[in-house]
Amino acid sequence: MKRGQLQVLESLLSLFFVLISVVLALKFYCITVEGLDIEKYELKYALLSSIMELDEMGILSDLLSRLDLSELHSIVCLLLGEEYEVRIVVLDEDGHAFSIGSCSRPEIELAYLTIAEDSSIYEVRVFARRIER
Amino acid sequence: MSSELDFISAFSIMLLALMVVVSTISLQLSHTNSILTKAREEYLAIRIIEELCSYMSFSSSINVGLVHRVHLYRISMSKLLELKLMGYKRLLKMLDVPENYRVKIVIEELFNPSNRLIELGDVDENNAASTFRLVSMNGEPYIVRVYVEEADGRL
Numbered sequence: 001m002k003r004g005q006l007q008v009l010e011s012l013l014s015l016f017f018v019l020i021s022v023v024l025a026l027k028f029y030c031i032t033v034e035g036l037d038i039e040k041y042e043l044k045y046a047l048l049s050s051i052m053e054l055d056e057m058g059i060l061s062d063l064l065s066r067l068d069l070s071e072l073h074s075i076v077c078l079l080l081g082e083e084y085e086v087r088i089v090v091l092d093e094d095g096h097a098f099s100i101g102s103c104s105r106p107e108i109e110l111a112y113l114t115i116a117e118d119s120s121i122y123e124v125r126v127f128a129r130r131i132e133r
Numbered sequence: 001m002s003s004e005l006d007f008i009s010a011f012s013i014m015l016l017a018l019m020v021v022v023s024t025i026s027l028q029l030s031h032t033n034s035i036l037t038k039a040r041e042e043y044l045a046i047r048i049i050e051e052l053c054s055y056m057s058f059s060s061s062i063n064v065g066l067v068h069r070v071h072l073y074r075i076s077m078s079k080l081l082e083l084k085l086m087g088y089k090r091l092l093k094m095l096d097v098p099e100n101y102r103v104k105i106v107i108e109e110l111f112n113p114s115n116r117l118i119e120l121g122d123v124d125e126n127n128a129a130s131t132f133r134l135v136s137m138n139g140e141p142y143i144v145r146v147y148v149e150e151a152d153g154r155l
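Here the protein sequences come in this chain order: A and B. Here the first sequence is numbered in the working numbering, starting from 1 and rising by one per residue. Here the second sequence is numbered in the working numbering, starting from 1 and rising by one per residue.
The hints are simulated quantities; they were obtained by calculation from the structure and are not laboratory data. Heads up, a few of these hints could be off.
Below, a list of computed lysine-lysine pairs in the DSSO-like style, where the Cα atoms sit at most 30 Å apart [as the list claims (entries may be wrong)]:
{"hint": "1", "chain 1": "B", "residue 1": "104", "chain 2": "B", "residue 2": "89"}
{"hint": "2", "chain 1": "B", "residue 1": "84", "chain 2": "B", "residue 2": "104"}
{"hint": "3", "chain 1": "A", "residue 1": "27", "chain 2": "A", "residue 2": "40"}
{"hint": "4", "chain 1": "B", "residue 1": "104", "chain 2": "B", "residue 2": "79"}
{"hint": "5", "chain 1": "A", "residue 1": "27", "chain 2": "B", "residue 2": "84"}
{"hint": "6", "chain 1": "B", "residue 1": "79", "chain 2": "B", "residue 2": "93"}
{"hint": "7", "chain 1": "A", "residue 1": "44", "chain 2": "B", "residue 2": "104"}
{"hint": "8", "chain 1": "B", "residue 1": "93", "chain 2": "A", "residue 2": "27"}
{"hint": "9", "chain 1": "B", "residue 1": "93", "chain 2": "B", "residue 2": "104"}
{"hint": "10", "chain 1": "A", "residue 1": "40", "chain 2": "B", "residue 2": "104"}
{"hint": "11", "chain 1": "B", "residue 1": "89", "chain 2": "B", "residue 2": "79"}
{"hint": "12", "chain 1": "A", "residue 1": "27", "chain 2": "A", "residue 2": "44"}
{"hint": "13", "chain 1": "B", "residue 1": "93", "chain 2": "A", "residue 2": "40"}
The task is simple: from the sequences and hints, build the whole structure.
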């Protein structure tokens, strides 16, 4: 076999192996993203159902009319667990925003509209992100 | 002689590339296996909590938007007592939990999480897949938590 032919064969095979690696890496990435989405979707659902339950029981309305965000923040933190950082933003009908907690690059975002005991309309936005597991 | 050296050089490079690919594949497979295990655990946790809450609850669902439906759970004390009396093994059988999974079911007070009404099963809460639902019992809020861990599933 000539030297030129060998070099071509070598390059082609190396390229082939590299392509396989890239395809497998992409497949792995897709599985990872899909796997994580299950958890995020479920957490979002669980959080939404919890906030609705709190609203049904009158607890959310009571907290919002008193603007007791720290209590609301501690409830959400308790529900999600210690491994989540949580930020809650409450917007009233006059456009005032109240915020508690910090969350950079949130993975879960939830918006919930409700009427408090004082008949004011509030929008509660929850941002959460897993710190580490 | 020169062509033999070229052949050896090309063969060495290909062997090296093959080793890199094989190690990458094995690494990816192990990660994929770990992710799939976690996904299986999460799926089971969701199924268990939905069945458990539906079993204990007499509540309805609320439609959100066009397609989403969120369930709110009202749990009666008699159902809770029934659950307590049922026992762990019978409960797992009722929920049709596969034998190779360990499950922990906890019902705790929202405003006093250290007070647990029910704590069935033994699972490491930090490593297991978990989910929760807020439920109402006699007008008081409680959290139902389910932890699932696949036996020998974690890498």
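Identify every previously stated hint that the structure contradicts and give their numbers, smallest first. When the structure is compared with the hints, numbers 5, 8 turn out to be violated.
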